[in-house]
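Read top to bottom, the protein sequences are chains E and R.
Here the first sequence is numbered in the working numbering, starting from 98 and rising by one per residue.
Here the second sequence is numbered in the working numbering, starting from -12 and rising by one per residue.
Some hints here could point you the wrong way.
To give an idea of the interface, some chain R residues facing chain E are shown, with a C-beta separation under 10 Å as derived from the structure [said to hold, decoys possible]:
id, residue
1, I105
2, V295
3, Q298
4, I302
Derived from the structure by calculation, the hints contain no laboratory data.
Computed from a predicted structure; not experimentally measured.
Think of the CB as a built atom: it goes at the ideal place given N, C-alpha and C, for glycine as much as any other residue.
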Amino acid sequence: MQLTNRSIEVSRKPLTWLEKLYVWNIIKGMAITFSHLFKKRPTINYPEQKRPFSKIFRGLHVLNRDAEGRENCTACGLCAVACPAEAITMEAAERLPGEENLYREEKYAAKYEINMLRCIFCGLCEEACPKDAIYLSQTFAPANYARKGFIYKKEDMLIPHPINEPEAYQKALGEKSVKN
Amino acid sequence: MSEEKKLFKVTVDNITIDVEPGTTILQAARQIGGDVTPPAMCFYSKLQGSGGKCRTCLVEVSKGSEKDPRPMPKLVASCRTTVMDGMEVKNITSERVQDARAGVVEFLLLNHPLDCPICDQAGECHLQDLGYEHGKEGTRYEFNRRTFEKEDIGPYIQLHMTRCILCYRCTYVADQLTNNRVHGVLDRGDHAEISTYISKAIDNDFSGNMIDVCPVGALTDKTFRFKNRVWFTKPVDAHRDCDKCCGKVTLWERGDEVLRVTARKDEWGEVQSYDGKPGWICNTCRFDKKHVNDWVIEGPTKVNRHSVISQGHYIGLQKPNETISEVMGGRDPKLLMDIHSVSDVNSVELAALPGPATSKTFEKKDQSE
Chain E
98 MQLTNRSIEV
108 SRKPLTWLEK
118 LYVWNIIKGM
128 AITFSHLFKK
138 RPTINYPEQK
148 RPFSKIFRGL
158 HVLNRDAEGR
168 ENCTACGLCA
178 VACPAEAITM
188 EAAERLPGEE
198 NLYREEKYAA
208 KYEINMLRCI
218 FCGLCEEACP
228 KDAIYLSQTF
238 APANYARKGF
248 IYKKEDMLIP
258 HPINEPEAYQ
268 KALGEKSVKN
Chain R
-12 MSEEKKLFKV
-2 TVDNITIDVE
8 PGTTILQAAR
18 QIGGDVTPPA
28 MCFYSKLQGS
38 GGKCRTCLVE
48 VSKGSEKDPR
58 PMPKLVASCR
68 TTVMDGMEVK
78 NITSERVQDA
88 RAGVVEFLLL
98 NHPLDCPICD
108 QAGECHLQDL
118 GYEHGKEGTR
128 YEFNRRTFEK
138 EDIGPYIQLH
148 MTRCILCYRC
158 TYVADQLTNN
168 RVHGVLDRGD
178 HAEISTYISK
188 AIDNDFSGNM
198 IDVCPVGALT
208 DKTFRFKNRV
218 WFTKPVDAHR
228 DCDKCCGKVT
238 LWERGDEVLR
248 VTARKDEWGE
258 VQSYDGKPGW
268 ICNTCRFDKK
278 HVNDWVIEGP
288 TKVNRHSVIS
298 QGHYIGLQKP
308 NETISEVMGG
318 RDPKLLMDIH
328 SVSDVNSVEL
338 AALPGPATSK
348 TFEKKDQSE
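Pulled out of the complex, with its shape left as it was, chain E reads as follows (with noise of 0.2 Å):
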């Protein structure tokens, strides 16, 4: 029983000679093949080489420090609670007196990780962030033998020093770094 008339009956004529020889296809196939000799290259030499990314693009987290080099998390668990994946877990503390010049706020982050393995870098940690503290930077997440080398930990992520490490801060900055 046929559901529609579109169904079309295969045929099954055997090949004529010509056709068996195949070499009027080889020729066809080859030509299309030597032509991409005269064509321009898309690839590129990877390690080497490195093709541009969009500004926007969402790569590996960054935790922002402000000017003075304090971390401005202040694990408020907006971006864990804004992530699809739920891939971010912190811990929370308060400063002690003397911890001033480490952290922004009265409240920090102890520990705060991302699982790599379950980020999907959707950026909305980024935008759910009051603090201005995480973003997404133009870089991947490196490749990794173990699993356990995609938990990325507080120190993994944290931008370089604005004032003891200039040079590392301003690389890390990136393109993005319209900001501030």
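Position chain R relative to chain E; hints supplied.
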């Protein structure tokens, strides 16, 4: 023959209800429930004399009563105005009310530090809800916000005077629940502040209820300070036999750790009543019983699904069967990673700490490894 009580007919936003004489407009609206209920920051139905201070519950009375149908000339505070027979009230249907409320919110937020990212009340803060619902996006205030000297009012309660909106609820708690009030509002006008004069003076057994009645984050639980965000904790109803209070509480847990204990709240954010008596809880239940074994767990607390607290709480979750070990002949896959072996989070038992975690907490933990 007993005299039959005459009920008053009152109409709030075109919904009519019969209420007893002496009921306030706010209470009548609460009996209707839903959107027509005006918000209240200072009024607390379980505290006598509260209300009339914050002006968020302003409503328009478009018809005074059956006998005198003239409208009231100004907006009235619904928490302090009693109903009349045939009264017609406009709340969400009135432009004037919405406009006035936006103004009230702006005034309440004038000196509010807006430090919600650090505040432990965020997520269950009435001022936050009010601001989202009725407030404007920006502020027109250009001056420095009022600040206060920090005061330590005891080992259990953290006072953040900058967040206070002077609703006086906590002073009513101290007056009506405890036999001696040691704190109050000092100074006047812009300088008015909640204080004790003598630091660390609050030690009454029911003083912890000030935390529950505080509509903002001015009075928060020191034993819960910075331990977790409210919406990451799991609220569970529990009870225990307590000789001082009703012992019916909500535990806010992380895993099996009890991070915080509060009284149970009703839909208006007030402490629930049992047999007509408000279920205040004592400080022993609130601050000292931070272990699951101290409590008889009744089940998860019902949280309004529009609340941020219900975020990420999966109810009726069905996990798929783990088939890998079946297929592998009983062996677990070697490639699986136990997140707890890698992660540093959840490695410190926060519930055991008397106050907020600091860098020392984590240093100690690192050394012991």
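Tested hints:
no., hint, in the structure
1, I105, "holds (4 Å)"
2, V295, "holds (7 Å)"
3, Q298, "holds (5 Å)"
4, I302, "violated (16 Å)"
The structure does not agree with numbered hint 4 stated previously, though it agrees with all others.
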